[in-house]
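These are the residues of each chain, in order.
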Amino acid sequence: MTTAQPEPAAACPVHDYTPYERKPLGEWTAFYDRLRQEAPVVRNLFGRGYFIPTRHEDILAVLQDPETFSSEAMVAYEPDPAYRWIPAMINGEEHRQWRRQLGPYFSPREIERVDATVRARARGLIEQLAGRGSCDLMTDFALKFPTAVVLEVVGLPEEDLPFLLELEEDIIHAVGDPEDVIRRKVTAIDDVKRYLAGKIQQRRASPTDDLITKSLDIEIDGRPVTDEELLNYWQFLVQAGLDSVAGMLGYFFHHLATHPADRRRIVDQPETIPAAMEEMLRAFSFIVTGRKVTKDTEIAGCPVTAGSMVQLALKMSGHDDTFYDDASVVDLDRGTSNHLAFGAGPHRCLGSHLARRELQVALEEWHTLIPDYRLGEGEPITEFGRSSGVNTLPLSWGR
Amino acid sequence: MKVSIDLDRCCGHARCYAIDSEIFQLDESGYALRSDIDVPPSAEEKARLAVTSCPERAISLH
Chain A
1 MTTAQPEPAA
11 ACPVHDYTPY
21 ERKPLGEWTA
31 FYDRLRQEAP
41 VVRNLFGRGY
51 FIPTRHEDIL
61 AVLQDPETFS
71 SEAMVAYEPD
81 PAYRWIPAMI
91 NGEEHRQWRR
101 QLGPYFSPRE
111 IERVDATVRA
121 RARGLIEQLA
131 GRGSCDLMTD
141 FALKFPTAVV
151 LEVVGLPEED
161 LPFLLELEED
171 IIHAVGDPED
181 VIRRKVTAID
191 DVKRYLAGKI
201 QQRRASPTDD
211 LITKSLDIEI
221 DGRPVTDEEL
231 LNYWQFLVQA
241 GLDSVAGMLG
251 YFFHHLATHP
261 ADRRRIVDQP
271 ETIPAAMEEM
281 LRAFSFIVTG
291 RKVTKDTEIA
301 GCPVTAGSMV
311 QLALKMSGHD
321 DTFYDDASVV
331 DLDRGTSNHL
341 AFGAGPHRCL
351 GSHLARRELQ
361 VALEEWHTLI
371 PDYRLGEGEP
381 ITEFGRSSGV
391 NTLPLSWGR
Chain B
400 MKVSIDLDRC
410 CGHARCYAID
420 SEIFQLDESG
430 YALRSDIDVP
440 PSAEEKARLA
450 VTSCPERAIS
460 LH
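Line by line, the protein sequences are chains A and B.
Take the first sequence: its letter number 108 is residue 108 in the working numbering, and every next letter is one higher.
Take the second sequence: its letter number 30 is residue 429 in the working numbering, and every next letter is one higher.
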């Protein structure tokens with residue numbers, strides 16, 4: 001594999017922007033829409049440079065071809081990461097073995113069994129808010145709810161929540177100089193690893209029936225899983241589970257607070273919530289992932305050399321007018337769930353069924369207890385040009 | 400009507416299962432259990448919806 005810099009192809013427009021810039025909600029989406037109108041593939045010079053396929057077909061093709069587009073590096077401007085998340089950044093037979101053994105704990109049927117737990121967590125948090133008449137959805141609900149669910153499902157004590165949220169901030173949301181961001185990220189990942197290493201040792205000494213205990217039995221190529229592998233798994237799973245649902249809830253509730261007809265429909269016909277959720281997942285697929293190119297290839301006619309990075313902004317797919325009619329419009333009657341909000345190919349989000357359950361339950365319970373609400377007063381609502389979520393979402397209701 | 404599922408293409412999104420959990424059964428890990436399924440006339444509309452709902456395009460009708 002070469003580390004030489006690929007030459008920008010003539011067919012591929014070149015941009016130079018930082019995805020770390022915080023912009024008012026909607027501006028990044030508009031920017032990405034303009035990139036897609038410009039060309040099927042564009043190149044950004046940020047970091048060491050990376051390619052961005054802008055259409056559904058090409059994004060899906062990259063995700064479905066892990067041999068050419070490897071997830072050994074998943075952040076477009078970190079082509080040689082010092083970390084190795086499992087199962088996200090492993091591939092081939094090793095990856096298949098992990099997914100086969102993890103699948104049963106995250107399958108739709110298994111997740112149906114935790115519905116009551118998820119619902120009780122949601123209801124408890126919303127009941128505390130209902131009488132207040134206003135809240136910041138992000139800090140008062142969207143971050144707390146999935147974190148409480150993940151801690152309970154995994155078997156971690158709830159009092160560890162503030163500690164984990166703080167580290168997560170450094171891992172996912174750190175801003176500023178890219179070198180400094182990477183340093184903080186690596187430090188925070190080490191801290192999370194130390195914390196989880198302690199939990200794994202506790203479970204080895206005193207097994208329970210939780211998921212950490214069960215993961216001790218994983219076997220790869222017939223040998224027991226190592227502590228290092230378990231750490232790379234748990235660190236990624238906890239981090240991914242805390243952040244992604246929170247981010248998506250922010251986009252959902254912003255849409256519903258600003259589109260009363262859609263909100264009214266969810267309130268009056270709660271049975272339409274699963275379909276509404278799929279449509280909002282399509283429209284607000286905010287996860288930005290990446291792949292490292294293993295051999296010289298091309299994307300939509302644009303030559304891409306081995307060692308290059310490819311960025312996949314999944315919202316590009318959801319907003320592709322050549323694949324979806326009126327792609328930028330949220331249409332609760334669209335009636336399909338073929339979006340790529342959870343990715344595609346063998347690395348399809350392992351937690352997608354838990355995430356869907358959390359999102360659905362949050363919509364159901366919230367609109368039962370707080371059916372009418374609107375945007376409140378507060379800080380400007382902003383987001384970054386990468387997996388971000390909004391910084392705040394002030395809501396108010398009642399008088 | 401018969402439905403075929405390309406089991407190598409199935410990545411466990413379970414959108415078909417969400418449409419009809421009897422017709423589109425899953426294995427223990429949450430991936431499509433069977434590659435060839437007979438669909439009763441009453442469920443043909445659901446089968447068509449499953450085809451268009453699969454993000455991997457793993458489902459086809461015959």
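I should point out that these hints are in silico values taken from the structure, not numbers from a laboratory.
A quick note: this is a predicted structure, and the numbers were derived from the prediction, not measured.
Note that the Cβ used here is the ideal one computed from N, Cα and C, for glycine as well.
Do not rely on the hints blindly, as some may be mistaken.
[Said to hold, decoys possible] In silico SDA-like cross-links for lysine to any residue, where the CA-CA straight-line distance does not exceed 20 Å:
id, chain 1, residue 1, chain 2, residue 2
1, B, Lys445, A, Arg334
2, A, Lys185, A, Val75
3, B, Lys445, A, Ser387
4, B, Lys445, A, Asp333
5, A, Lys214, B, Ser428
6, A, Lys23, A, Ser387
7, B, Lys445, A, Pro108
[Stated by the list, open to error] These stretches of chain B come out as covered by chain A in the derived footprint (C-beta under 8 Å, 3 or more residues):
id, region
8, 417 to 428
9, 431 to 443
10, 446 to 455
[To be verified] The following label-pair restraints were derived from C-beta to C-beta distances:
id, chain 1, residue 1, chain 2, residue 2, range
11, B, Val450, A, Arg223, 24 to 32 Å
12, B, Arg433, A, Leu375, 27 to 35 Å
13, A, Val114, B, Ser434, 38 to 46 Å
14, A, Lys23, B, Ser459, 37 to 45 Å
15, A, Arg22, B, Ser459, 39 to 47 Å
16, A, Glu93, B, Ser434, 19 to 27 Å
17, A, Arg84, B, Leu460, 39 to 47 Å
18, A, Ile220, B, Val450, 31 to 39 Å
19, B, Glu421, A, Arg132, 40 to 48 Å
20, B, Gln424, A, Leu375, 41 to 49 Å
21, A, Arg223, B, Gln424, 27 to 35 Å
22, B, Glu421, A, Asp191, 33 to 41 Å
23, A, Gln269, B, Leu460, 28 to 36 Å
24, A, Asp209, B, Leu460, 42 to 50 Å
message: Output the indices of the hints that this structure fails to meet, ascending.
response: 3, 9, 11, 12, 13 and 22
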